[in-house]
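Engineer: One-letter residues, chain by chain:
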Amino acid sequence: MLNNKKINIFLLIIALGLFIFLPRFLSGYWVRVITTIFMYAVIAQGMNLMSGYMGYLPFGNAMFFGIGAYVTAIAMSKGLPFLLAVPLAAITAILFSIILGLPVLRLRGHYFAIATIGMSGAILSVVQNATEVTGGAMGTTLPIIDKAPGVVYYYFYLAMLALMVITTLSLYFIIKSKLGFGIRSIKANEDAANSMGINTTYHKVIAWAVSALFTSIAGALYAYWMSFIGPDEVFDVMIAVNTIVIMLIGGAGSILGPIIGAFIVELFAEVAWSAFLEYHLAVLGIIIIVIVIFIPKGMVGSISDFTKKRKLRTGKKVTV
Amino acid sequence: MGLQMLVNAILLGGLYALMGIGFSLQWGISGIINLSYGAMVMLGSYISLEFFNLFHIDPFISMIMSGAILFVLGAIIYRGLLQPFLKGGIVFTLILTFAVRLIMENIILKAWSADYRTIRLSYAGSNFQFVDAYVPLIKFLSFIVAGILIYLTYLFMMKTKTGKGIQAVALDKEGAMAVGINVEKMYMINFALGTALAGITGSLWASIYSFSPHLIGIIVGKVFIIAILGGLGNIWGAAAGGLLLGFAEVAGASFLGSQWQEAIGMVIMVGVLLFRPHGLMGKKFFG
Amino acid sequence: MKDNIILKIESLSKYFGALKAVDDVSFEVKKGEIVGLIGPNGAGKTTVTNLVNGTYSKTTGKVFFKGSDVSDLKPYQIARMGLTRTYQVVKPLVGMTVEENVLVGSLFGRKNRDNDMKNAIKRAKEIIKLVGLKKKKDSLVSDITLPDLKKMEFARVLAMEPEVVFLDEVMAGLNPTEVEEASNLVKRVRKEKELSIVYIEHIMKAVMGISDRIVVLHHGKKIVEGTPQKVINDQAVIEAYLGKRYAKGIKEVSNEG
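Protein chains in written order, with the working numbering: chain D, 1 to 320; chain A, 1 to 287; chain V, 1 to 257.
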């Protein structure tokens, strides 16, 4: 970003302040849209850590979103308050990521991505069929909050915003830390990383657990927000596709990329879908292709390249 | 397992085998996980549908057209869209093939709607008896055709110059380059062969079952399993994988109820990935 | 095990099916020694390195490091004990700068020392200065020359504070001036850091001038071991590897050095 760290922090705080007060000027519909953007940013950050920074693409990562949603729903149906159900959901997701991760993270590249799709599909099937516990294919409900809709939307808006900020900050500190260097080394050259004393399995499992943590909390919030969830909805492969597109547009391997990407993708979706209803699939497909061809490094990557080139041309010293 | 169930499993498995080989070749040799594969199969079905409705041509004949059209389509997609971005890694190829799927799915939806379609053949109801099991004629014919095509694919890979070129590239890319083989052309032909097989499978499918764009995602799920079971790029492995999936689905449906069908497949796939990532047939090689 | 033997390789073998890449190789490395490991292409030198550092599983044989049996440890565990290696074809951490690469070595190299960020950065900066890469420390590894990449990989390994380093063909791709510079650097560092080095090389001049002892591999087997003088004069080595004319030239070099 801009070179002065203090200016960056100042700008981000201003942006945060704006976001907090924005809903006063927007209709309920747009508040919900932006809440969804925050949610996608969180899911994308989870993928960003795994794929953008570590080089392992968990195509089926939405499974943690679904797990977060369902554990919350089931826990609350047994009488647990929301604030206890969420940690339970998160812990469940983390446990899944560790238990499934230990064998699967040994698999390189393609295999890992596919294995996660398989797992996601298997979990979806189980949820669809374990009707007594999960409500099966028909879905399940959560307690409705007894307050005015506008107030409820605002609460969830703030909650998602907080989650997005916390997730992004966590990612920032992880990447700067020793753990972050270990994670990045895996993407850079896994063999060399091993020979340098990095326990790559440990790093991979931790990264996936962190990814599962944030994704599952997003799912938990989503479930309580919607009051009703179905398996096809929360385990939908399109969540993963959307997330990947967000990462591509925003720029993977950067801290703010997923947030920028989420805004661009969701806002475009809002504008375009009503215009292209019958062709929205094809339009999405064409957009993906266009992005890959013209901005493969995403917004953050392309802007960073652009500023570097400009500095070289104008003779200024290049600072990274 | 009763004889009828066995017969059902084998007939289904044969079709799955043909279906899985194309995907397995694309992934194992061309290195592309083709998420549009399901749409390719369905396109084959719809092509045969049109040939039947417009010209009364039997799908067992129009499958040649499906194969040819899908071959060309595959070559164009590989050359124009995938090859330039191979260096982007798996994220790019996954998302690009997914984009192709979206576009194809939309085209199919607009042209033929989401309704389930069928091709009503005059001999659709006939079957013959094998001991005490009924063998539907069309499924049997499809099985035979699938078997012949699988064998022809094997012969192509083993006996023709192009096929051997593809094999060489699969085994040792640098070595193949060193002896003057046009590696990219081999990848492209292999990929196009995969889409051709998908199209032909679609035609056969259309003669037996109803079809709609809904099946696109489901088919991709199945071919994943078949490819992994058999080992990527392995023709006979994918054939075995297809048969195995056929068995698993038929047996699963009758013992556990049809809802668990998909879960079984997924669980098997993940299991194989964890314990024998090279597939049940061992290391990747031809036949 | 004798006190000053830091690394002991015992009957190491690696068979890839019928191919015996390494066949019953044994030798020792004393503390502070530079042992040259030479042999023609395919002799098994890099395979031995991969076996010792845990990258390959062993068909037979054992490895003892500082008295402990490390034969079944994973590469990261062996690295943390102080047994390290560089790569014949350099493996830089792509996407990171020179300083970050060395920092990774500094952060993860050794257990039981100050591995927090601040100390690790300090250590990395010192090593970078030692090898002479200070000016390039903020360059991306994709932007620097091959000799600098080799220096960086050396620095990365040094930042791990190793006791034994396997330098795998560190001179490959360097011109004679660079080779000279690199040799001097290795000698200087060995002295300062009290390292033991297994020096895998092709370039005769570099190996002969720097090694205390030499082990010669051919077709996966050890054919000779001894001082540079002894090795040059050994018939089996001359015929199998050096060739008569070449051996004569070596004799002259070693008489100088």
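Because the hints were derived from the structure by calculation, they are not lab data.
Do not take every clue at face value.
[What the hints assert, rightly or not] Some chain V residues near chain D, calculated using beta-carbon distances under 7 Å:
hint, residue
1, Y15
2, G32
3, P75
4, Y76
5, A79
6, R80
7, V104
8, G105
9, R113
10, L185
C-beta atoms are modelled at their ideal positions from N, C-alpha and C, and glycine is treated no differently.
Engineer: Each hint should be assessed against the structure and marked as holding or not.
Structural biologist: Against the structure, the hints come out as follows:
1. Y15: 22 Å, violated
2. G32: 23 Å, violated
3. P75: Hint holds; P75 of chain V Cβ to chain D Cβ min 4 Å, cut 7 Å.
4. Y76: For Y76 of chain V, the interface hint holds, since the closest Cβ of chain D sits about 5 Å away, which is under 7 Å.
5. A79: 4 Å, holds
6. R80: 5 Å, holds
7. V104: The hint holds - V104 of chain V has a Cβ within 7 Å of chain D, the shortest such distance being about 5 Å.
8. G105: 5 Å, holds
9. R113: Not OK, violated: R113 of chain V not within 7 Å of chain D, min 11 Å.
10. L185: Status violated, d = 20 Å.
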